[in-house]
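Q: The task is simple: from the sequences and hints, build the whole structure.
Number of protein chains: 2
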Amino acid sequence: MNAKTPFTPARRAERMNPSIIREILKVTEKPGIVSLAGGLPSADTFPVQAMREACTKVLRDAPREALQYAASEGFAPLREWVAAHLNEHQRMNVTAVQVLIPTGSQQGLDLAAKVLIDNDARVLVETPTYLGALQAFAPYEPTIVALASDHEGPLPDALAAAAGGARFAYLLPNFQNPTGHVYSEARRTAIVVAAQEQTLPLLEDNPYGDLWFDAPPPPSLASRWPEGVLYLGSFSKVLAPGLRLGYIVAPPALYPKLLQAKQAADLHTPIFNQRIVHEVIRNGFLDTHVPAIRARYKLHRDAMQTSLVKHLSGIAQWVTPVGGMFFWLELPAHIDAVALLPKAVEAGMAFVPGAAFYASAPRRNTLRLSFVTSPPQQIEAGIAALARVLKAAA
Amino acid sequence: MNAKTPFTPARRAERMNPSIIREILKVTEKPGIVSLAGGLPSADTFPVQAMREACTKVLRDAPREALQYAASEGFAPLREWVAAHLNEHQRMNVTAVQVLIPTGSQQGLDLAAKVLIDNDARVLVETPTYLGALQAFAPYEPTIVALASDHEGPLPDALAAAAGGARFAYLLPNFQNPTGHVYSEARRTAIVVAAQEQTLPLLEDNPYGDLWFDAPPPPSLASRWPEGVLYLGSFSKVLAPGLRLGYIVAPPALYPKLLQAKQAADLHTPIFNQRIVHEVIRNGFLDTHVPAIRARYKLHRDAMQTSLVKHLSGIAQWVTPVGGMFFWLELPAHIDAVALLPKAVEAGMAFVPGAAFYASAPRRNTLRLSFVTSPPQQIEAGIAALARVLKAAA
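As they're listed, the protein sequences go chains R and F. Quick note: the first sequence uses numbering that gives the first Met the number 0, first residue 0, plus one each step. Quick note: the second sequence uses numbering that gives the first Met the number 0, first residue 0, plus one each step.
Misleading hints may appear alongside valid ones.
To be verified - Listed below are the simulated DSS-like cross-link pairs for lysine-lysine, each with C-alpha atoms no more than 30 Å apart in a straight line:
| id | chain 1 | residue 1 | chain 2 | residue 2 |
| --- | --- | --- | --- | --- |
| 1 | F | 25 | R | 56 |
| 2 | R | 25 | R | 390 |
| 3 | F | 29 | F | 297 |
| 4 | R | 3 | R | 56 |
| 5 | R | 342 | R | 390 |
| 6 | R | 56 | F | 29 |
| 7 | F | 56 | R | 29 |
| 8 | R | 56 | F | 56 |
As the list claims (entries may be wrong) - Only part of the chain F face toward chain R is listed, based on derived beta-carbon distances under 10 Å:
| id | residue |
| --- | --- |
| 9 | 6 |
| 10 | 51 |
| 11 | 59 |
| 12 | 62 |
| 13 | 211 |
| 14 | 212 |
| 15 | 214 |
| 16 | 235 |
| 17 | 238 |
| 18 | 259 |
| 19 | 268 |
The set of hints was computed from the structure by calculation and includes no laboratory data. We put the CB at the ideal spot given by N, CA and C, even for glycine.
A: In structure tokens:
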């Protein structure tokens, strides 16, 4: 801070930085650019008509309750819905008293970190991992340990070796942001066994799990070790992110402290939003809406896969994602994706360089492509433009 | 946490506690109880029709933008509105780039604490002070210093004496929760002079400032020392708390770190809510709505004042509030308001004991009464019931 201000920043403020992705998005999301950068759900999937009807109903039937202060835990019927949904789809066995509704699952990351991380305590993450989680954890001053990982997630041996004294491992088993990778059944079992042996709690983040294309991913980690896993879910990818609604499912021993952290952070999540979303989903809306999103996103995925094969075979390497929103490209070792980005924007497309997703030792020859934000017919133009700048840089 | 859980709480979690007020409200807000406890705005003031029209308009004209991810700073037109509003009503001179929209002003307290408080750093507060602020600050492990205060706010000499090395003083100049007190013009001047001399930054919290009855309070502290005051405002008391919208106005030197803390905490405040509220207020709605709230709350205040004079003269002492939502009662020295509460609930009314609002050395013979939640015709019954249990306890 400059010399004129009387404010002294806290030590933790030095660990806080602007989101590189958000800075990139400001530059790249201009008209005429095919953006494969932002992790924005397709706005074509937003349930606008259902939202209209729900707003009308909530403001007609319960306006006083929908606009007043409300419980920090969240709207009770929505918590019931979340528990029932997870018991049906994630083979979990939880009750509504374990469910807390945060202001988006990003807040779940903040609350978990607030309750669990002391300064200099170790936290284990995948390599690479979700940038927003690194940002949520940073103010609590942990020592982040990046676990050796392959296309099925972190290696169980690496997790076991790093577990001693760590506060938790942060894991994204389904269609991870940024890589799109999914843990196999065998990897899930091995991870949970290793964590249990080491008494290492897990923070399982599952914003993308419902977005599978051909078959659902194996059941959650939380279903395998209920008392050892703090689970996060989100309505951002199956309804709309602008409402900022997620959910936390906590082991009963951990719930009270998360609730106190929530009260202190913002009293409660907007009850207006909670009632509207509950109204939208209470009668099975997602049973048809989510399959429609899956079918749409699969077409997007196919369009990008076809374009990548056509334009980037032999130049970049990737594992075709079977769900979620992202391709993760490995470029020739000498190419720096950060340096490549301005040239790509000049050529008419944008991506996110991969380096920001590494807690340490960034691999600079990587990049993330979102296949859901731009329509399929634009995707090929974007990939073709990327191929041109890559070939020029080779 | 119990023996079965593998989770280890962070040290700061020991400082976090359930909100005593929220626990009280669960017990007391039953049918048949006249609740003068909760700080809930009157639901009769919620602009339901304007909300309906705004929802319709936003979901018709900008559904994709209202439901998508958005900027961490907040919705630009709403930030413009806030800056213009403060320049007109608080004699400030700020621009939209200094405005950040948090998920309720409670989140403003959390973000300010996150950016400014190191463990064991000193933070100065009024005596008594807003309980929610003590809860927001606690996870960052400050040493809270309670300043000697009278009915015009903290004593400038006390502030100056405690200022050395403190990170900030947290001040509520207008109709403070819980006491309803308002700083005089002279006190504001003296506080700001003392703070400037000591280079002590101020965190000014003003959720109630628009709710004056006969004359507006003197201008904000921020208007007197722009680079030294972080200012918080709220839409909860002039529109509706269930939307969770507040605003932070930060000196430019402090803004980037607050923004980074906001990104890490929950990415952004629900853009749906921001666009709806902007639609409601953009054409001068508050110019008629806020005066209507003032007139209504003044009638409530008058009803409670009349009832207190009738039933509690000579038993309790109070300063009649000239705005806001609360009376603060001082009872005879031997009466413990915490012990009195169950008897009051049995007699058919509820209040909030004052002890929770003290950072240290609680005065247990104090209590807070909200005059806005219950209708005027119920207020007398509530005060009469309070008088009965007080006389029985005397």
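Q: Each hint: holds or not?
A: The hints, checked one at a time:
1. F:25 / R:56: Holds: residue 25 of chain F and residue 56 of chain R sit about 27 Å apart, inside 30 Å.
2. R:25 / R:390: holds (26 Å)
3. F:29 / F:297: With a Cα-Cα distance of about 26 Å, the restraint between residue 29 of chain F and residue 297 of chain F holds, given a limit of 30 Å.
4. R:3 / R:56: Between residue 3 of chain R and residue 56 of chain R the Cα gap is close to 52 Å, so the pair fails against 30 Å, i.e. violated.
5. R:342 / R:390: holds (12 Å)
6. R:56 / F:29: The given pair, whose Cα atoms are some 26 Å apart, holds under the 30 Å limit.
7. F:56 / R:29: holds (26 Å)
8. R:56 / F:56: holds (16 Å)
9. 6: holds (5 Å)
10. 51: Holds - the Cβ of residue 51 of chain F comes within 10 Å of chain R, reaching about 5 Å at its closest.
11. 59: Holds: closest Cβ of chain R sits about 8 Å from residue 59 of chain F, inside 10 Å.
12. 62: Where the cut-off is 10 Å and the nearest Cβ of chain R is about 4 Å from residue 62 of chain F, the hint holds.
13. 211: Not OK, violated: residue 211 of chain F not within 10 Å of chain R, min 22 Å.
14. 212: violated (23 Å)
15. 214: violated (29 Å)
16. 235: With a minimum Cβ separation of about 8 Å from chain R (threshold 10 Å), the hint on residue 235 of chain F holds.
17. 238: holds (8 Å)
18. 259: With a closest approach of 4 Å, the residue 259 of chain F hint holds.
19. 268: holds (7 Å)
The earlier numbered hints that this structure contradicts are 4, 13, 14 and 15.
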